[in-house]
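**Q** Letter by letter, the chains look like this.
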Amino acid sequence: MIVIIGLFVFLFIIGIVIYNSLIGKRNQVTNAFSAIDVMLKKRFDLIPNLVEVVKQYTNYEQSTLTKIVELRAKATSGNLTQEEKANLDTELSSAVKGLMVTVENYPDLKANTNFLNLQTTWTESEEQIAAARRTYNSAVTDYNNAIMMFPGNMFAGMLGYTKIEVLATPEEERKNISAKELFNN
Amino acid sequence: MDSEINSKVNLQEILNTLEVDRKKIAETYQTCYILAGLTILILIISIFIRFPALGVFGCLVPLIIGIVMYFRIDDEAKKYKSSYKINVVGAALKSINETLAITPLSGLPEYEFVSSELFTTEPDRYKTQDLITGTADKTSFWFAEVHAEYKTETQTKNGTRTEWHTIFEGIIFAADFNKNFNVSTVVRPKSFGASLGAWFSKNVFSFGNTEVVQLENTEFDNKFVTYSKNQIEARYILTPAMMERILALNNKSDETISISFIHSKMYIAFPLSNNYFEPPIHSSLLAPDLLTEDLSIVQFMHDIVHELDLNTRIWGKE
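Protein chains in written order, with this note's numbering: chain A, 1 to 185; chain R, 1 to 318.
Please keep in mind that the hints were generated in silico from the structure rather than gathered at the bench.
Even for Gly, the Cβ is constructed at its ideal location relative to N, Cα and C.
Do not rely on the hints blindly, as some may be mistaken.
As the list claims (entries may be wrong) - Cut-off 30 Å, straight-line C-alpha distance, at most; resulting in silico cross-link-like pairs (DSS-like, lysine-lysine):
{"#": "1", "chain 1": "R", "residue 1": "8", "chain 2": "R", "residue 2": "157"}
{"#": "2", "chain 1": "R", "residue 1": "138", "chain 2": "A", "residue 2": "163"}
{"#": "3", "chain 1": "A", "residue 1": "67", "chain 2": "A", "residue 2": "41"}
{"#": "4", "chain 1": "A", "residue 1": "25", "chain 2": "R", "residue 2": "223"}
{"#": "5", "chain 1": "A", "residue 1": "25", "chain 2": "R", "residue 2": "138"}
Stated by the list, open to error - Chain A stretches covered by chain R per the calculated footprint, using a threshold of three residues with CB under 8 Å from any CB of chain R:
{"#": "6", "stretch": "70-78"}
{"#": "7", "stretch": "153-164"}
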């Protein structure tokens, strides 16, 4: 009798541990997800300053600037799914990258401290977003493993947990950067 | 060019003067050893011929002379060592980088060793020497020899027995890191205990708020366990490129290195059993390969800054 009760208690505790670890993993995914959001917002906030500074020195890049401003407005307008936001970010990212290259033609702008600060903050935020995405992917992999492997899969079914897709690296980021290509733009 | 020739001439002069000191020290040490041998010999003979008086008095004379000589020359040997390190090693360092300088009696302070979080055990005995500082382009760095130990006390029949165990012996390298971060990230070699602890904290329960960071580079994850209080910051520091660079650096070291990123600095611990920058006593200072090994380790440390790309200052930190 005691053995049976003992076994029951043991199984119950194991159950609690698995259940809690699943919830924890799920929360980690949500957490990592919102971290990307925070980083993206931080980056979007840089845009108006960047545009202001560049405007003062250049007269010919109006179309690029307008495009960047539009993209930012879209990205911060709300009511966007995470995927749409990520796509806008990728587009924005490449537009700003293009802008950074054209800056080479404006020595005055290149020497402007404000602009240099913005440039470093931009690269910093780029790396931070990459880190946040990697964290998200790691949390997702961890969660997926937990819900697909035994015995986690039994609980996952009851909780209605399903597999989450990892974020793919944008196609452009996968390419090796070629200096020639950059300057041909 | 002229200054280079001059400095070479100067170095040669210094070596010649030091060589005279070295010979004197080596000879005195030899005399001390001979006296010690003589003492033992007299002792054995006196026991053999059963004449204890000879043993007592015959031993005392060479023993006292030997001890006095030994202590007097020991002081000179210390001066010789320090002069060698400052004048010879110090001058040779400039051939690698003008900013390099050695301070033989300084090292990595114990509090810095502890706060670097490279090792979890606090040392009970701590020795450090030969601090070398320098700047490579925009990055300042320093490294020193460190020997940290902890003790265990066991009760035996004859009282307490104290045993000393090494926590770390080798060189600790520190450099100003090129990115801003707020919490510490530590990369330690993967041992059985560390893997078990990592599995436990990931799957069952994690102590405190330091978490294991699972990185996507499998080779890196097989060699090291990474701990941090902030998963994103850890990945911000350990970018895919950085992980590759750390692996390449680790391959050059015989034993697995430990790395920590803390207080806007990075620390790397290289376990090494050699004692570097020590002058020879029983062999000539004029040997052509005198400094080869010492300089190669300095060059190695100096190159870390480039290998880990610490001079790329595009992340908002000057």
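**Q** If a hint holds in the structure, say so; if it does not, say that too.
**A** Checked hints:
no.	hint	verdict
1	R/8 / R/157	62 Å, violated
2	R/138 / A/163	47 Å, violated
3	A/67 / A/41	18 Å, holds
4	A/25 / R/223	25 Å, holds
5	A/25 / R/138	42 Å, violated
6	70-78	violated (count 0)
7	153-164	violated (count 0)
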